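Please model the complete structure; the sequences and the hints are all you need to start from.
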Amino acid sequence: MYCSGRQNLVEKDLKDKVVVLTGGTHGMGIALVRELLKHHATVVSFSRNESLAQRISNELIKEFPNSQFEHITMDLGDLKSVKEATEICIEKYPEIDYIIDNAGILISPFTKTKQNLEGIIGINYVGHFLFNLKLLNALKIRHGRFIITSSIMAQFANKPITLDCKKNEFNCYQRYSQSKLALMMMAKELSLHGIEAVSIHPGVVISNILHKYPLFIQWGYKILGFFIFKSVEDGIQTALHCIFSDSIINGGYYKDCECSMLYKRAENTIERQEVWDKTYEIIKPFL
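Just so it is clear: in the sequence shown, position 95 is 95 by our numbering, and no numbers are missing.
Each statement offered as a hint is correct.
The calculated label-pair distances, taken between Cβ atoms and stated as ranges, are:
{"id": "1", "residue 1": "Ser260", "residue 2": "Asn158", "range": "17 to 23 Å"}
{"id": "2", "residue 1": "Pro94", "residue 2": "Phe156", "range": "35 to 41 Å"}
{"id": "3", "residue 1": "Asn158", "residue 2": "Tyr280", "range": "21 to 27 Å"}
{"id": "4", "residue 1": "Asn137", "residue 2": "Pro160", "range": "30 to 36 Å"}
{"id": "5", "residue 1": "Cys259", "residue 2": "Asn168", "range": "35 to 41 Å"}
{"id": "6", "residue 1": "Ile88", "residue 2": "Glu267", "range": "35 to 41 Å"}
{"id": "7", "residue 1": "Leu52", "residue 2": "Phe156", "range": "28 to 34 Å"}
{"id": "8", "residue 1": "Asn250", "residue 2": "Asn116", "range": "31 to 37 Å"}
{"id": "9", "residue 1": "Lys112", "residue 2": "Glu267", "range": "30 to 36 Å"}
Simulated from the structure, these hints should not be mistaken for lab results. Values in this document were obtained by computation on a predicted structure and should not be read as measured data. All C-beta atoms in this analysis are idealised placements derived from N, C-alpha and C, irrespective of residue type, glycine included.
See below:
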């Protein structure tokens, strides 16, 4: 009964390819990991839940006995953690083929990151900004590709993108929309510097994105989602399309396995550069 959307029709063997992704222990992340291992990729997953990651690793070893899968513990809400985790990765994997920004939070109470940024934009965007720049040189060696998970919600960001906000100004939907617009801007900006990068909208996917909320809300979301949302398997199709396709429209925004039009604000060179510069100043001490 899930809404399926367009399916990826492109496949290729990923033997000898190194794929790193955030949020590989839940929802679309673990579904992506399974597909990548099925196609013989070496997969490095980053998430903060070490015990869950260990259980997932054990399951994957049984399911794919000859696979190469590794987990590195990382908290996107702590730039020091991002710095340390990416440096561990580079030491073992100095060359990378694909970087997938998959992790994120949607509906969340007002929180602060370790560096005192508002939580939603700090985790969804700023943490990934540092993650991507720390791994950039390893990606450049193999002329690799960024696949950055944005959202159709980016079009509802109707205020200037700020990296912090006061509690009395906090609106989780607006902050989420701003974070997804900022991710779209990041993909576009990377593409202008000779780096392959796309942003994607996976669709409205049934997932554990409300895991911080009471169980009755989570179950209501899942019951509703059964009728109107995509399954996680359908939600990863656009990401797979952007991984398997030999050529992509660089800087493009993909949904349902085809390139769509970038939202107007993501095309705004001045605003995009301002957001980049502000973010860079915050993450610079951790590079």
